[in-house]
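Each chain, written out:
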Amino acid sequence: MKFIRFNLIVMVLLLIVSTSEAADDAFVGIVKHVEGSAVIQRKGKTLVAALGTLVLPTDTIRTEDQGTVGVVFSDDTRLSLGPRTEVLIEDYRFAPKESRFSFILRIVRGTVSFLSGQITKLAPESVELIVPDATIGVRGTHVLIKVD
Amino acid sequence: MHKWMIFTGGLALVAMISACGPKSTVVLVPDPDGYVGKISVSNEAGSVDIDHAHQRTVVRGGKTAPTEPRSIDPNEVEGLFKGALASQPPPPVHFIFYFQSDSVTLNPESERQLPETAALIQRRIPTTVSVIGHSDTLGNKDYNLELSLRRARSVRRQLVELGVPESSIEVSSHGEENPLVKTADNVANVKNRRVEVVVR
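Here the protein sequences come in this chain order: S and Z.
Heads up, the first sequence stops at 148 in our numbering, and the numbers go up one at a time, no gaps.
Heads up, the second sequence stops at 1200 in our numbering, and the numbers go up one at a time, no gaps.
It is worth saying that the hints were derived from the structure and are not from the lab.
Owing to the predicted nature of the structure, the values given are computational and were not obtained by experimental measurement.
One thing to keep in mind: the hints can contain errors.
In silico BS3-like cross-links for lysine-lysine, where the CA-CA straight-line distance does not exceed 27 Å [stated by the list, open to error]:
| no. | chain 1 | residue 1 | chain 2 | residue 2 |
| --- | --- | --- | --- | --- |
| 1 | Z | Lys1063 | S | Lys121 |
| 2 | Z | Lys1082 | Z | Lys1023 |
| 3 | S | Lys97 | Z | Lys1182 |
| 4 | S | Lys121 | Z | Lys1191 |
Just the calculated beta-carbon pair ranges, DEER-fashion [as the list claims (entries may be wrong)]:
| no. | chain 1 | residue 1 | chain 2 | residue 2 | range |
| --- | --- | --- | --- | --- | --- |
| 5 | Z | Val1160 | S | Glu98 | 21 to 31 Å |
| 6 | Z | Glu1109 | S | Glu98 | 26 to 36 Å |
| 7 | S | Leu51 | Z | Glu1078 | 16 to 26 Å |
| 8 | Z | Glu1109 | S | Gly52 | 23 to 33 Å |
All residues carry an ideal CB built from backbone N, CA and C; glycine is no exception.
Sequences are here, hints too, so could you generate the full structure?
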């Protein structure tokens, strides 16, 4: 009995140690620059986008009248928004080991700067910037988009 | 008389609204290193490619193809995208660490890089740091993967010992899928057997 319990404890500890590496993989980007007011809408809730705020897939990022915000993604992609802008991260995946790559960004309105990173280098066909009435494929590197 | 005017007015309004859909402008510009990439803009009606800097295409409606690329004045670009460009974050910094053969012991040169790495991380807080193990394409995939992860964890531990908050670091491995130097399968390349620390 003691032996089994000991093994159980060891197994649980191992599980805790191994998942603590995976847990942080949930975020895909971090806000590294912000001026004025910017927010993130996530599953019906609105969060302030401040320096250090983490960004997840399916987030909507929005700036107000004077707001601008810059985000760095796990694959080095740098995305920044001008004022009165709204984008939606439809999908993001950067997992070279499993050959899983995806970056689908919908630009609803406003001005956007997209500076491509490793996903564009390793799997350019998996990058799609969607604007009303068109899709943008990116093979690199710096593209500016305005939707009004 | 009134009904007729309202009807015509209504028709005109509808015509105006349907012609006033969103307009998208897409511009390719050089990146901060001066490199110019390539983009394509497509819809049901057509597709254009842009591979020269300061060229733009405009999309108006899904039934009209994106316009042929035309030059746009860099100053006009600056003006239109001023806010977005002002919030462009600095590039992430990559540090590469190399190890002694089949070991988690760092090479002396890489060992000397640790304090500089820790110092940069501190300067960039709030930040996220990825410590990523990589291997070359030679030999047993599972073994290489496991070694690359052990090496990555070792680098994380040493950074934490130097004062970096553990919660800002995530460890992973890209296996042999993201080499520094592209090689064929089953080729040893010491440059690929590395741990990369990415600081945002």
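- prompt: Hint by hint, which ones does this structure get wrong, listed from lowest number up?
  reply: 1
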